[in-house]
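Just so you know, the protein sequences line up as chains A and B, in that order.
When we follow our numbering, the leftmost residue of the first sequence carries the number 1, and every step to the right adds one.
When we follow our numbering, the leftmost residue of the second sequence carries the number 179, and every step to the right adds one.
The set of hints was computed from the structure by calculation and includes no laboratory data.
We put the beta carbon where it would ideally sit given N, CA and C, even for glycine.
Take these hints with a grain of salt, some might be off.
Said to hold, decoys possible - In silico lysine-lysine, DSS-like type, Cα no more than 30 Å apart, as pairs:
no.: 1; chain 1: A; residue 1: K37; chain 2: B; residue 2: K331
no.: 2; chain 1: A; residue 1: K44; chain 2: B; residue 2: K246
no.: 3; chain 1: A; residue 1: K36; chain 2: B; residue 2: K331
no.: 4; chain 1: A; residue 1: K36; chain 2: B; residue 2: K246
no.: 5; chain 1: A; residue 1: K59; chain 2: A; residue 2: K44
Claimed, not checked - Take a look, some chain B residues computed to stay more than 10 Å from chain A by CB distance:
no.: 6; residue: P202
no.: 7; residue: L361
no.: 8; residue: V388
no.: 9; residue: T400
no.: 10; residue: A414
no.: 11; residue: A417
no.: 12; residue: F431
no.: 13; residue: Q446
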Amino acid sequence: MILLDGIDFGPLAPEHPEELIVGFVLFVIILVVLWKKVIPAFEKTYEERTAEITGGIEKAEAAQAEAAQALATYQAQLAEARSEAAKIREDAKSQAATTAAEIRAQAQADADRILATAKAQLEAERTQVVRQLRGELGGLATELAGRIVGESLSDDELARRTVERFLADLEAEPVEHA
Amino acid sequence: MPGLSLLIPLDWAVCSGEHESFPPGVFSFCSRPLWDGAPGWVNNQVAQAVIGAAIVIAFWLWVAHAQKIVPSKRQFAGEWIYNVIRNGIARDMLGHDYRRFLPYLATLFSFILVNNLFGEFFLFMFPTFSKVGFPWILAILTFLLYNGAGIAKSGFLPYLKKSVLPAGVPKPLWILIIPLEFLSNFVVRPVTLALRLFANMFAGHLVVLVFVVGGTLLLTATEPGNGMPTWLLNGAGGASLVFSFAIFALEMFVGVLQAYIFTVLTAQYVSSALAEEH
Chain A
1 MILLDGIDFG PLAPEHPEEL IVGFVLFVII LVVLWKKVIP AFEKTYEERT
51 AEITGGIEKA EAAQAEAAQA LATYQAQLAE ARSEAAKIRE DAKSQAATTA
101 AEIRAQAQAD ADRILATAKA QLEAERTQVV RQLRGELGGL ATELAGRIVG
151 ESLSDDELAR RTVERFLADL EAEPVEHA
Chain B
179 MPGLSLLIPL DWAVCSGEHE SFPPGVFSFC SRPLWDGAPG WVNNQVAQAV
229 IGAAIVIAFW LWVAHAQKIV PSKRQFAGEW IYNVIRNGIA RDMLGHDYRR
279 FLPYLATLFS FILVNNLFGE FFLFMFPTFS KVGFPWILAI LTFLLYNGAG
329 IAKSGFLPYL KKSVLPAGVP KPLWILIIPL EFLSNFVVRP VTLALRLFAN
379 MFAGHLVVLV FVVGGTLLLT ATEPGNGMPT WLLNGAGGAS LVFSFAIFAL
429 EMFVGVLQAY IFTVLTAQYV SSALAEEH
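Please model the entire structure based on the sequences and the hints provided.
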C-alpha cells in the first residue's frame, strides 16, 4: 500500500505479523473445542433440566387430574348409592303400606266372616230352641191341664200344690240343649 | 529453564536499541524470543497467548465435564459464566437463532478475558492483547463473521445494498449516506473493535508501568534528585506502589469490560447484519 508507505504506525502495526496467525490458530482451536464439546454439554444439561422440570409439572398435573377424576367417580358413586338407598326406603315404605292395607282388609274379612258364622249359628240355635220349646210347651201344658183336671179342681189348696209340683218337676227335669 | 523465566516481566525487553526502563514507552511492549536463535515471532507474548488459550480450553472442559441436572459448585460456576455469554449477550442481541453464534461469542469472550487478566496477574503481568496483532485478527474474524452471516442470509448484493443504504433515505441524500454507511459498516466497525481493545490494554499497561516502575525507582533512590531529598523520593515511591493496587483493580475491571464490549459489539454487528431492514 503506497498510501501507507513511510507512515510509522508504532504499536498499531504488529511487531510480528505471525501474531495474527497464532491468534487465528488459537482462536479456531478454542472455537472448535467449545463448539463440539463444551456448548453441547451445557445445552444438553439445560435441556435435561427443562425436561425434568416440565416432566415434573406434567406428572403433578396428571396426578391432580387423576385425583379429580377419582373424586368425581367417588361422588357419582356416592350419589348413586344415596339415590338407591332413597329408592329402597321409598319402596319399603310403599310396600309396608300395601302390606298393612292388605292385612287390615284380611282381618276385616276374617272378622266379618266370623261374625256372620256366629250370627248364623245363633239363629239356628234359637230356631231349634224355639221349635223344641214350642213342642215341649204343648205337651207340658196338656199334662198340666190333665193333672189339674184329674185332681179336684174345687180344692184350691190342691190346685196350688199341683201347680207347685209341676213347676218343681219342670225344674227337676234336666235341661236339654239343641 | 530460560524459556519460562523469559515470561516473567522483571527483565525489560528491548527491541529497538537500548532504553532506560523509565519512563516506559512503546519499547516496553517489545517481545523477547523464547530462546536464543528462535524466530522472532516465537516469543514470550505468543507463548502467553498459547497458555491463555490452553487455560480457556481447560477451564471450559473442566466445567463442562460430568454435568448433572443439579449442578455441583464447579458446574454452577461454569454455568454462571456461560449464562452471561449465552443469555446476557447472545440471546439478548440475536434473539431466537443465537445458538448458531454462541460458540464464536463464547470463544471470543473467554479468550479475550483471560488474556486481558494476564495484565494483572502473576506470572506474566502483561496483557497479551496490548500486542496489536491479536486484536487485529479477532476484529478480522468478527468482520468475516457478521458479513458472512449477512450474505448467507440475504445474498451478496441485497446484503450490500441493505448495509450501505438504510430504508427510507430520500434519493438526494444517497450520495452522502452510501459512503458513510459503507465506511461505518465495513471499515469503522472492525477497526474500532481492534483499536478499542488494543488501546485499552496498551494504555492500561503503560499506566501500570508508570506506577510500578516509577514507584520502584523512587523507592530505591539513594541520592536526592530534582532538588528533592531522598526521603521524599522514597516516600513518593512507596505511595506510588500503594496506589498501583488501585490501578491494578481498575485494569482488571477494564480487562473484563473490554472482553465484554468486544463480544457484545460482535453480537450487535451480527444482529444488524441479520436484521430484515434497518
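A quick look at each hint next to the structure:
1. K37/A with K331/B: The given pair, whose Cα atoms are some 27 Å apart, holds under the 30 Å limit.
2. K44/A with K246/B: holds (10 Å)
3. K36/A with K331/B: Holds. K36/A to K331/B sits at ~24 Å (cutoff 30 Å).
4. K36/A with K246/B: With Cα atoms ~19 Å apart, K36/A and K246/B stay inside 30 Å; holds.
5. K59/A with K44/A: holds (22 Å)
6. P202: holds (12 Å)
7. L361: holds (16 Å)
8. V388: holds (16 Å)
9. T400: T400/B clear of chain A: closest Cβ-Cβ about 33 Å, beyond 10 Å.
10. A414: holds (29 Å)
11. A417: holds (29 Å)
12. F431: At roughly 23 Å from the nearest Cβ of chain A, F431/B sits farther out than 10 Å, so the non-interface label holds.
13. Q446: holds (19 Å)
Consistency with the previously given hints is maintained throughout, with no hint failing.
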